[in-house]
Amino acid sequence: DIQMTQSPSSLSASVGDRVTITCRASQSISSYLNWYQQKPGKAPKLLIYAASSLQSGVPSRFSGSGSGTDFTLTISSLQPEDFATYYCQQSYSTLWGFGQGTKVEIK
Amino acid sequence: EVQLVESGGGLVKPGGSLRLSCAASGFTFSNAWMSWVRQAPGKGLEWVGRIKSKTDGGTTDYAAPVKGRFTISRDDSKNTLYLQMNSLKTEDTAVYYCTTSIAAAGGGNYYYYYGMDVWGQGTTVTVSS
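Sequence order for the protein chains is A and B. Counting from 40, one number per residue, gives the positions in the first sequence under my numbering. Counting from -14, one number per residue, gives the positions in the second sequence under my numbering.
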């Protein structure tokens, strides 16, 4: 199975900060990497698919990059509504899987 | 409006069984690959398994922790996805979500590309004696 490792597990940031979350796959997954945002008590929301494609309706301050084994999610200017937990997910192999999550908290 | 609505959650004893349902509307369910994802209390997301459309073979795949105990099935005439859970363990306690990709739109391997863009609200399963 492909293992997905996110870092950091949590971070504290202020409104307006640039935030970067990384995700590493245990083997190459080409660009089959998706990013989700989840707020407490809510279902996950797709932000980025295929490593760098912005899902319709998602603000342009969110961006994704990477291919192979190393990927990043960047929030260019953190907004109050962005405080949440973020997950990467690989859809390369037959068995899909998620990273362990990164919680973005208010500083 | 595209919608997924899960039901069937509840309290069950270890070793017991439960069947979850997910009612789909607003898209062509029979063409869709459908997945179940769960989240244990205070934990991260865990992909449980997936069923492909009958057009793409109707095959199922499962994560290792549930393989052999859980079965995903579908009734396209009722636009409903199921998750039959047997031999339940305390570690199966979680919120269970059904999910799919509308963007992939029944396009077979496009489901690997587009990510899961529609989710239900989740149903809670508690396994406890």
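In case anyone wonders, no lab produced these hints; they're calculated from the structure. Treat each hint with caution, since some may be false.
Below 25 Å or equal to it, Euclidean Cα-Cα: the simulated PhoX-like pairs (lysine-lysine) are [to be verified]:
| # | chain 1 | residue 1 | chain 2 | residue 2 |
| --- | --- | --- | --- | --- |
| 1 | B | K28 | A | K142 |
| 2 | B | K28 | B | K(-2) |
| 3 | A | K81 | A | K142 |
| 4 | A | K146 | A | K78 |
| 5 | A | K84 | B | K37 |
| 6 | B | K(-2) | A | K84 |
| 7 | B | K28 | B | K74 |
| 8 | A | K78 | B | K28 |
| 9 | A | K146 | B | K28 |
| 10 | A | K81 | B | K28 |
| 11 | B | K39 | B | K28 |
| 12 | A | K142 | A | K78 |
| 13 | B | K74 | B | K52 |
We went through each hint and held it up to the structure:
1. K28(B) x K142(A): OK: K28(B) and K142(A) at ~11 Å, within 25 Å.
2. K28(B) x K(-2)(B): Given pair K28(B), K(-2)(B) holds - Cα atoms ~21 Å apart, limit 25 Å.
3. K81(A) x K142(A): Cα-Cα ~14 Å, so holds.
4. K146(A) x K78(A): holds, 17 Å
5. K84(A) x K37(B): holds, 22 Å
6. K(-2)(B) x K84(A): With Cα atoms ~32 Å apart, K(-2)(B) and K84(A) exceed 25 Å; violated.
7. K28(B) x K74(B): This hinted pair holds, its Cα atoms lying about 16 Å apart.
8. K78(A) x K28(B): At roughly 13 Å apart (the allowed maximum being 25 Å), K28(B) and K78(A) satisfy the hint.
9. K146(A) x K28(B): Satisfied, since the Cα-Cα distance of roughly 22 Å is no more than 25 Å.
10. K81(A) x K28(B): holds, 14 Å
11. K39(B) x K28(B): Distance ~33 Å between K39(B) and K28(B) Cα, so the pair is violated.
12. K142(A) x K78(A): holds, 10 Å
13. K74(B) x K52(B): holds, 13 Å
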